[in-house]
Each structure stands twice: as structure tokens, then as C-alpha cells.
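Protein chains: 2
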Amino acid sequence: MKRTVFFISDGTGITAEALGRSLLAQFEGIQFELITQPYINNAEKAHKLVQLINQTAEKDGSRPLLIDTIVDQSIRSIISLSNAMTMDVFSTFLAPLEEELGAHSSYSVGKTHALTKEKEDTYKARIDSVHYALDNDDGARTHHYDQADLILVGVSRCGKTPTCIYMALQFGVRAANYPITEDDLLDSELPKALRPYRHKIFGLTIDPERLASIRNERRPDSKYSSLKQCIREVEEVENLYRRHRIDFIDSTHHSIEEISTRILSQAGIERRFSPR
Amino acid sequence: MKRTVFFISDGTGITAEALGRSLLAQFEGIQFELITQPYINNAEKAHKLVQLINQTAEKDGSRPLLIDTIVDQSIRSIISLSNAMTMDVFSTFLAPLEEELGAHSSYSVGKTHALTKEKEDTYKARIDSVHYALDNDDGARTHHYDQADLILVGVSRCGKTPTCIYMALQFGVRAANYPITEDDLLDSELPKALRPYRHKIFGLTIDPERLASIRNERRPDSKYSSLKQCIREVEEVENLYRRHRIDFIDSTHHSIEEISTRILSQAGIERRFSPR
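Residue numbers (UniProt numbering), protein chains in the order written: chain A, 1 to 276; chain B, 1 to 276.
Treat each hint with caution, since some may be false.
No farther apart than 16 Å at their CA atoms in a straight line, the calculated lysine to aspartate or glutamate pairs in the EDC-like style are these [as the list claims (entries may be wrong)]: (1) B:LYS124 - A:GLU217; (2) A:LYS2 - B:GLU100; (3) A:LYS2 - A:GLU44.
Simulated coverage check for chain A against chain B, where a stretch passes if three residues somewhere in it have a Cβ under 8 Å from a Cβ of chain B [what the hints assert, rightly or not]: (4) 27-36; (5) 87-96; (6) 129-137; (7) 165-175; (8) 178-188; (9) 192-205; (10) 232-240.
Keep in mind the hints are simulated off the structure, nothing from the lab. Beta carbons: idealized from backbone N, C-alpha and C, even for Gly.
The shape of chain A in the complex, shown without the other chains:
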């Protein structure tokens, strides 16, 4: 049976959705239909949403689930009139927190994501890191590696670029990336541009079959995307990592979030700021 799940917020809904997804992932046999409703920030929107929830309940033949991070109590009380099972994050955790801290919460909307004066520096650091990742993508420039927190290496299309960009956006880490080419693999030394930065290098590897499938979408039926070529490159790049004692991880079965978090954790790199 299908169950519909609403992630509801008066802000972006990102927190409600992240939390909701990690909860739902624990129920494997059930099919969920997910609906995110951000910016439910006035009574009119709330009443409309209640209608939608009730219609869904009727259509599904079962009440929807709500994961709700709405801060404003008057809006929450409208939502609570709907025919749904509600997991109300704020009312669940804020009361014990208030007691522990001996303070009243301000119950104000969108606090984490709104940009206050103090956060502007963080914002700039974040943007700077994104631009750093873009400017130092794919070995395009190597003379700014002194400013890198990390230089991610690996064969073409193993996932370097999205990982670097994610680390910039989420953690403000300055991550350059350098593609290990066939020429580099013939050499027993590290590529010249990397040698002075041995301590900043981290490697990615990937299952050759998956690499071939990714490369095939880019250049179908080429030597570049052949399984034989992918097997050879992956084998040799892993040898290179071992020879130079470069730490590396396998990106095949992990999301960008996992790869990024694991790299920072293994390499002991401090975030420049914390997410969101």
C-alpha cells in the first residue's frame, strides 16, 4: 500500500525533508509518495494545505504522514486539524530544550536559513570556496594549490567535481581537483604539479563497470568508455595511490554527502564553517 508523506515547513523545508527521509528509509517494504511544501507561512496557505491533505487521505484510503517543522503555533494548530499522522519536530524537542536551558525559545521562522549580519562573513567564505572549487576544477589551474585545503585526485569521471563543489557549499572547504591521466599513470612519480602538495592529496576510486557506464553516456562506444580501458585505469590509479601512500576511498556505493563527509573525517580537515 502506498502512503503519502508531506514535509511541511514555514521555511525552505530542507530540514523537515532530511529528517523525514532518514526516518522513512527505515521502512523498506512500503512505497511512499513524498510531497514537500515549503513556505507555509500564513493562515491562508495552511488552510489550503489542510484541504490538500484531506483530499489525499480520501484518495489514498489512508491518512497521510506529516513531518512538520513549522515554528508558528497558530499555523501549526491549523495544520493539526487535518486528517493526518503528524510528527511535529518543534513541539517535540523545544519544550525539553527550554527546560534544560532555562530559557524561552523565540519561535521565530526560518532562523537557520535567514542571513543575519553576523552570518555575512560565513556567506562570503562559502561563496569564495565555491569559486575556488570552480576555478581549480579538473586541473585547470595548479598554481593556487597552496591555498587548497585538499586536492582530490582520480581518473576522469570518478566523481571529483561534484564532491569538491559539495564540500565547498556545505563545509566551506577549499577543494581543488586534478584528473589522473594515462600519461600520469605511465610515470612512477606523482604528477609534477602535485608533488609539493603530497600531504593535501586524497584519492577517489570507483568500480570499473560503473565508470564505464558513466563514461558511456558522455562518449559512447569509445576507447575512453570501454570496460577494458576503465579496468586498466582504475587498477593503475589504485597502484599509484598505494605507491605514494595516498589515502583513498571508493565512490561507487556512496552518495556525494557520504564521500565528502568521509574524506573530511579521514583526512582530518576542519570545516571552515558548519552547514546552513
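Using the hints provided, position chain B relative to the given structure of chain A.
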């Protein structure tokens, strides 16, 4: 008084931290020190963490707060021995969910972030969107605009690039961006490359003082970064938006998350997949 907060997970810790931050943001007067501890996935790490928590409690003179998304109950029970106030997300919400769904949760670790076979297509769509954003950044190419879900426009350094990249990573949306230059502003028509895609265009604007401050870091004391120039460009780009009835939002006081979510919501753009 300072309170230390631990975000604890057997996965990346991203959910624990997102949730924790939105809760703590409700307490304005209190100074929090935040520590994220991902990958607490065995008893040894858990015992070490308990030590750290207890030492922190002693040093602070108050017990730390824990936001905990650990799935494994044996690890959670070790953590529960520490001298801390614990907000245990899984045990709070999983029990009522199990009852509602009439199913047992699998209590398995890192489910949301792990990459299962079914998720590989989503992964590819995500990577494709990131590469699309990079290839179509800053007006570099305009002949792939037919494939864009959205073309973000605005003056130089108003926040287009990070917004497009975030939308790609988080929502799989294909967002190109095009910088509105002084030449474009002299013309009463839309820039030629944009004309066929009028319906895909969304505008960004920004407070001129903030723009000047951002530009000054890039090219100090230039005409480009002068307040006078920034005031003029912002005024004219907003006129251009109004003239062509282009929807736009102000990026000044919003985070990248907020800007992205609002644009998708206002423009009615469907996500290609949902985050994480």
C-alpha cells in the same frame, strides 16, 4: 553561559546537524559550541565519545546537549550512559511510525545516504545537472538553453553561480546562468541569447551596498566595485526585469538554500529528484 552541543550520527551527521541547528536557532541569548561527530558506528568509538562528552560536561560546568540520529540501539545505549541531555531522534519518531505503518523499521545505518542500485539513476541525474550548471555558467555557452529548466540572470556577483550549483546538487534542476552586462542594460530588448527562452528566465537582485562590498574583494577600488556603479546597475537591471515582466527576488538577506527554494517555488519548477 556557554553550552556545548554534540551532533552525533552513525552516518554523515548531516541530518542531526540540520535538525539541531534549526532547534538551537530558537534560543537567541545562549552561546552554543557545536561539535559534529559522524560515523559513530562501533562500540569503541561510542565509548570514546562518552569520555569526550563527560570531560566536556566537567569543563563546561553543565551537561552537554546531544542531538542523536544513531540507528543502532546497542550504540545508542552506550551513548546514553554519558552525562548529557539527549534528544534521540530515532527512538522518538520511529516507534509511532512503526505503529502507524504496521511495520517494523529495519534500524539500519546510513540508509538515506547509502547508494542503492535504484538510486544510481538519481545519482547520474544529479551529476548531469551539476555538469550542466558548470558548462552553462556565466553565459559561457548559450546554445544549450533549450535543455535548461531555468536560466538565472543578474548583474555580476549577485549570487547566480552558487545558486545554480546548489539547485543542481540538491534538486537535480538544470540551471544555466547569464550575466546582465552594461551593454545589455543599454538595450531596451532582452539580450539576444535569452529572447527565445523568455519563459525560463528568473532574475536576481541585490542591495547595491552589499554588491559593492562583494565586488571590492574581487577588484578593490575599481569602477566595477564602486557604489555608484553598483547602484546604477541594480536600478537598471530591476527596470529591465519589470519591463519584460521577469519574476525576480532579492538575494541580499537570504541564504543560498532559501534563494534556491524560493525560486523553484515561485517559478513552479519541478525537482528532477528530491534531495539526499
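task: Mind listing which of the numbered hints don't hold for this structure, in increasing order?
output: The structure conflicts with hints 3, 8, 9 and 10, although it agrees with all the remaining ones.
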